[in-house]
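If you read the sequences in order, they're chains U and B.
Going by the working numbering, the letters in the first sequence line up with residues 342 to 572, in that order.
Going by the working numbering, the letters in the second sequence line up with residues 163 to 392, in that order.
Treat the hints loosely; a few may be bogus.
[Stated by the list, open to error] To be clear about the criterion: a stretch of chain U counts as covered by chain B if any three or more of its residues have a C-beta under 8 Å from a C-beta of chain B, and this derived list gives those stretches: (1) 421 to 432; (2) 448 to 459; (3) 462 to 476.
Just so you know, these hints were derived from the structure itself, not from any lab.
The structure presented is a predicted model; accordingly, all values stated were derived computationally and were not measured.
Cβ atoms here follow ideal geometry from the backbone N, Cα and C, with glycine treated the same way.
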Amino acid sequence: MNCNNCTNKRCPINMYCLPDWLAYTQNSKSSLYLTANYSIFNAGELVKGIYILCSGKAKVMLEKETSKVDIIRLAGSGQVLGHRGFSEKMVYPLSAKTLNESEIASISNEDFFKLVRENKDLAVYMMMFFADELLLSEQSFQISGMQTSREKVAYTLVRVINAFKYADNTSRQIDFGISLHELATFAKISRTSFSRTLAKFIEEGILRKRIWNYYVADEVALANLAGIEIQ
Amino acid sequence: MKRKCETCTHYKCFINKYCSPEWKPLISFHKTSMLYPAGATIFSAGDPIKGIFQIYSGKIKVVTTDGEKEQIIRLAKEEQLLGHRGLGKKMIYPVTAIALEDSEVTFIPVDVFYSAVKANSEFAFQMMLFYADELNAAERRMKLTAGLKAKEKVIVALMTIIRAFGFSKTDNTLLEYTPIRKDIASIAGTTYETMIRALGSLEKSNIIVQEGKAIRVLDLAYLEKHCLLD
């Protein structure tokens, strides 16, 4: 993907950097072409920079001592990865892996900081992005402790939609991108409960199912159950 | 009382540190100052965002509530920001801020704050890093507190208090500010009774001494070593 003529409207570099700085990014970034299930960075590694998913899908995970993995976030085309590492320690607290074939732009710390300092709109966007991530992170915590399976599944579906967008906007076909098992891990419930809740949503007219695909029939009801908006 | 940014001596304040001299009088013009007695609410979860608060003097707790249960997620003192968790797409304060003692808090309207961020690139950059640190701290707290034992949670609470307010200037082992025991339990995320037992156990091991409402730390190295949040 060439930053000078990129059409990705979700990429903050494309949306908020001045043309001269897009050319700078194009020259300074490294493009990584990764296969599915490829590690982008691992928890504990030093932060070398920030990653932008030019195309593809990724998951961000917390690997626990019990060898259990919690999926913390899903990211789709144009979204930022690795920003959680920016702190005093400059160490990634989480790991990220591709979910399918992906093109990822890697921007070094030095270049990213330069971009933020020189492009005020990018600086404001990044500040607001972190503010949203903070809110989302605290909401996720509350959800894991408090909610019913219905709310957890609705929350997971909205997070999937917000990360990957719909596969088809008109029919509102959900682009799952990850397996049912991983969706259940994200929701912190069993796979059986997840499937059962999906079936219940179909019965209630919140979702529709055609062959193997799921469609959102009632966005308002889904967002209300999830407690977050569909963006 | 009107507080002026251009003559302010709070050198850790982000506005003082990172805004250009031209912007400081403009911020001063728009900002207001309010006195909050101990226990007063500065803003409540669910309120729409009107601006950002800066603590001029005093001590504040930031809490989330789940029904009747209150969890303290942050302690803040002079020169620190409040209300920043509400900035974002929703523009609603997700938490409540309450004065722990009589405090003076200044308020900057949200449009003035945004203009200052846009016009001062270093301010915007530092705000981004500030949020990144807050995100990290929040996730570390969530990740660890769930699996900690009661005593470990109370040690984390004591270290949170020490890092927020430090020690008395005249007595370097006495906490500068000891929250009431109920608030220590809210920081630790334990019941009142469990927290009292854990404090008793730390006292028995000569790590701390409870002097009435105040707490004296005898072995800071032990608390630092056993604070699993780091």
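Evaluation of the provided hints:
Counting residues of the segment 421 to 432 of chain U whose beta carbon lies closer than 8 Å to any beta carbon of chain B gives 5, which meets the minimum of three for the stated coverage. Residues of the segment 448 to 459 of chain U lying with their CB closer than 8 Å to a CB of chain B number 4, which satisfies the three-residue condition for coverage. Check result for the segment 462 to 476 of chain U against chain B: holds, 12 residues qualifying (beta carbon to beta carbon below 8 Å, three or more required).
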